[in-house]
Amino acid sequence: MKKKLLSLLLGLSIAVTLVGCGSSNSDSGTSTTEATDAATSDSSAAITGTYPEEKILIGVELYDPTESETLAMQEYFAKLSETYNVEFKYSEAIADADAEMKFVEDCAMAGCKGYFGYYNVTGAQLIQSVIDYEMYFYGYYDEASYEEFAGDPYYLGCVLAGGNEYDKGKALGDWVVANGYKNVVYANGGADFGVGQFVDRQQGFLDAIGDDVTVTTVGGFPGDQFFADQAAALSTEGLEAVVASFNGLDFWAQPIASAGLTDKVALATIGSVNETYLSAFENNSVSLLVSNNIDTYGFVIPIICNAVDGNANALKTEGKAPLLSTDFWIVNNADDCKKLYEVLSGEGVFTAEQLMTLSVSNNPQASLATLEELAKTGSISAVLSK
Amino acid sequence: MVRTKKITKNFIMMIIIPAVVYLIFWILCHIKGVTNFGVGTDLRVILRNTVYTGFIALAVSYNLTSGRFDFSIGATLILSTILGSIVTLQLNLGPIALLLFSLLFGAMIGCLSGLVYTLLGLPPMVVTLGLAMIYEAIGFTITKGAGVKLIGNYKLLVWSQEPYVYLLCIMIVFILYLALNKTKFGIDTGSLRGGQEIAVNTGINEKKNAIICFSIGGLCMAAAGVVNLSVLGTVTPELGLGSASYMANAFLPMFIGNILAKYFDRNTGVIMGALTQSIIFAGIGKLGVPSSWQSVITGMIVLVFFAYSFNSYKIVEFKMFKEKKAKAEAALHKGSVL
Amino acid sequence: MSKDNIKKIILNKEKVMSAAPIIGLVLVMLAFAVLTEGKSISKVNLKVLTNQFIMTALVAIGMVYCFACGALDMSAGGSLCLSAICGALAGVKTGSLAVMIVVVIIVAMLIALVKGLLAAYLTLPVFIVTIILGSLLSAIGLVLLGDETTLSVRYIVKIKDLTAINLIFIIGFFLVAMIIFNYTKVGKACKLQGGNPLASGQSGIDEKKIIIMSFLMSGAGIALAAIITILKTKTVTAASGGSIGNDVLVAIVLGGMPLTGGPKSKISAGIIGAATITILNNGLSLCNVSNDMIQIVRGIIFIFVVFITSMTYRTKLLPR
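Residue numbers (full-length UniProt numbering), protein chains in the order written: chain A, 1 to 386; chain B, 1 to 338; chain C, 1 to 320.
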């Protein structure tokens, strides 16, 4: 009798959750939209009402749904969705090629018109699969795949959110040289495993610091071995700085503090501006942040909307999809960090109105030049002067 | 006199495995010219890792040795630490409150797992798999995916510093020692391990025992979570059963614990096992083995260890058989000569 | 009530209980057909579903043998990863699709043989050893990949539409596996071994041979799945086949297979369970709810469906 009651209870709870699933499906289908005519003062046809008329579903492939940059990006997209009639379909944590393929298929079945390759396991193969399903692909993997697909009508190029990885590493190296540090620790992440972005960052770093700096390398990701290497590295004689190629605040700040070295050892890292960095700069836990401009990811919306309207060519030159990048930000003090965070959590570096200038139906003069101009306003000097 | 001899022998057997392994790696490192293995900061890190892995292995041992595989311990660690941190921050309390709240939540979550298991009567692997998914998702939703960030909050993050981490370890192991060896619960656990049907027929309440085992598992995982939180300053939620990887390093300490159980106590044995494993991991790193090879080598060491410990009785059997055969042949020979 | 009537009632109850996995599958399918307004049962989506459930189904069918004889093998992911990597490396070196397929099969069967020998001749707790072995095999795969993190075989694999190959593999393997499992001595010995090792040993069944045979069957399933994944994604990484261990476990439990093995094992558990979990995942994805909601729903549905399908083998004592 008890078991029957229990199974009934479970069944009811499932029914409730499935209904919840169904209703949230229909709820998200009625997101509010606003008319935007503020930025279109020089264009002839201003769009009022919803744009695009029919809601566009965009699939976004994620590596780690719990990462702070990913979460910040999702919040920014939610903000932009108030102006644009778009909905995002986020993947679960994708680590291998099969899961990626499954997600592409699910996106196609759900009716996605566009696909944002925020993360990409299989490189050119992913782009090919997305194109085969007649979805527009926005993203960049490497030179070879860009050259291969640049002319394809379904490939939309990308605006990179922080330049290339080599330059980020170089920025870290330049900081070491500028501060005259001679004894540093470098956390190289996945460079020993051959992961492209870490290898590039390490190369940029090593090229920038030259030969007269002692570097202790700590490889890999948090685990028993990492902690042992980290402790050994932190106890090096005369250590002046720790340079982390990823997540320096999450994985190095506390160990440095616990070892009592916060005032003696500076921490530089690659990451993206968020709330925790605010307090970190203020209490001197971190000295340098090389940050992506995550609002650059917002370009995916107008570019895909253009393509769905049939206006993708407006932003292309010689039939090749655009490949641009906004500069990464070099943040080295609390005030700058605060200002950047204010802009990011407020109206955004690129407001919805500014992005609207890229939509051809809203602004018939939209072209590659418009895109380049807008991308330039994402540099740190431009944002700090807002 | 005999008793002292026995106590000394037991003590030596308890520490001999980690001691021998330490010595082996110390010699290897010296041959290679590495001097900072197992001393100073390295030793501190080894001991801290021992406590962390030891807690996880203890949690696994209370269920696995009774034949129950618990998939949800990783998710329990994350969720209990998240809940403990949130409450401590809301009420603006100190590190002891952080520890106690996390332990409390850990025990409660473990108790819930045990209740679901006993009420539904499904295989534990299956139940805990489903519960792991649910706990992970709850941890993610409560913190909106961001987890808990306590970086720089030195007041709260003491549990990875010495001597607090050692005090925590001694306290938990002492409590578990009493629970496993001096209470009815401990004796019942042993009986159930030996023969499930017979034990139940003699009147042992198997369901109560299982729930207590799960609660203890949750408690240990919460303790491990607090240590981990104090090291990194953050707790990040997982999704997609990523939490299942937390127990990957728990098996070797648990089996060493089982072996050493007959000399003193299983819980202390598990800690000794965790110490051995931490020494091995640290040593391999110091010897300059490239990162991609480290997992291969440690995996092989664990497999070889298992193979040996589960099959060593065969060597003894073989020797006994040879002796018997020799005796029988000698007797036959004697008989035929006569 | 007469004895005959009682017997009829008991038999009917058993029949209904053993059909529970299929009922579960149909219910899940209907539920999502309604929730996604028909998208989940459109022709295109059904084709996509077939493509998606193939890998899990192939490995699950093979794994039924291992679980049936009591050897819980958790290293499917590692074996698949290593076989795929070896095959891809060979394929890239020789530029030949045929070589790649042959190497995948050989490596997968070799790994299965080693696992079988370890389980049969060394009295090890198979479950825990295979967990460790799984990560060991993936680590070896990582070392073999060397500096590359992903290995692309786009230029060797020119096949675009895999539906025909998928169907041939799954139907063929299922028929072979089913015939061996239900109608031959090997399959029956397997079930008996899982149910009562002592009795089966006394009846003259060679325990070691049966264990090795069941690992070889699961190795065949893994080989086929590895071939499919290379053909479908045209890429191998060190994480290939990563989550298939858990997926297969979930699938065979949803399919109504008792985890302790024994005579109540069913070969259909592999294919029905894989279909159920694939439809569930696909349906949840089509609903477009947030990741954490998906996981909560998945967890609850999983426990519920297992609760129903496990009624056929419920015991008085707490299961282990």
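Honestly, I wouldn't trust all of these hints.
[Claimed, not checked] Here are the simulated EDC-like pairs of lysine to aspartate or glutamate, each with C-alpha atoms no more than 16 Å apart in a straight line:
no.: 1; chain 1: B; residue 1: 144; chain 2: A; residue 2: 82
no.: 2; chain 1: A; residue 1: 386; chain 2: A; residue 2: 318
no.: 3; chain 1: B; residue 1: 144; chain 2: A; residue 2: 67
no.: 4; chain 1: C; residue 1: 160; chain 2: A; residue 2: 336
no.: 5; chain 1: B; residue 1: 144; chain 2: A; residue 2: 167
no.: 6; chain 1: B; residue 1: 144; chain 2: A; residue 2: 132
no.: 7; chain 1: C; residue 1: 158; chain 2: A; residue 2: 132
no.: 8; chain 1: C; residue 1: 160; chain 2: A; residue 2: 200
no.: 9; chain 1: A; residue 1: 182; chain 2: A; residue 2: 200
Keep in mind the hints are simulated off the structure, nothing from the lab.
Numbered hints the structure breaks, given as an ascending list: Of the numbered hints given earlier, those the structure breaks are 1, 2, 4, 5, 6, 8, 9, listed in rising order.
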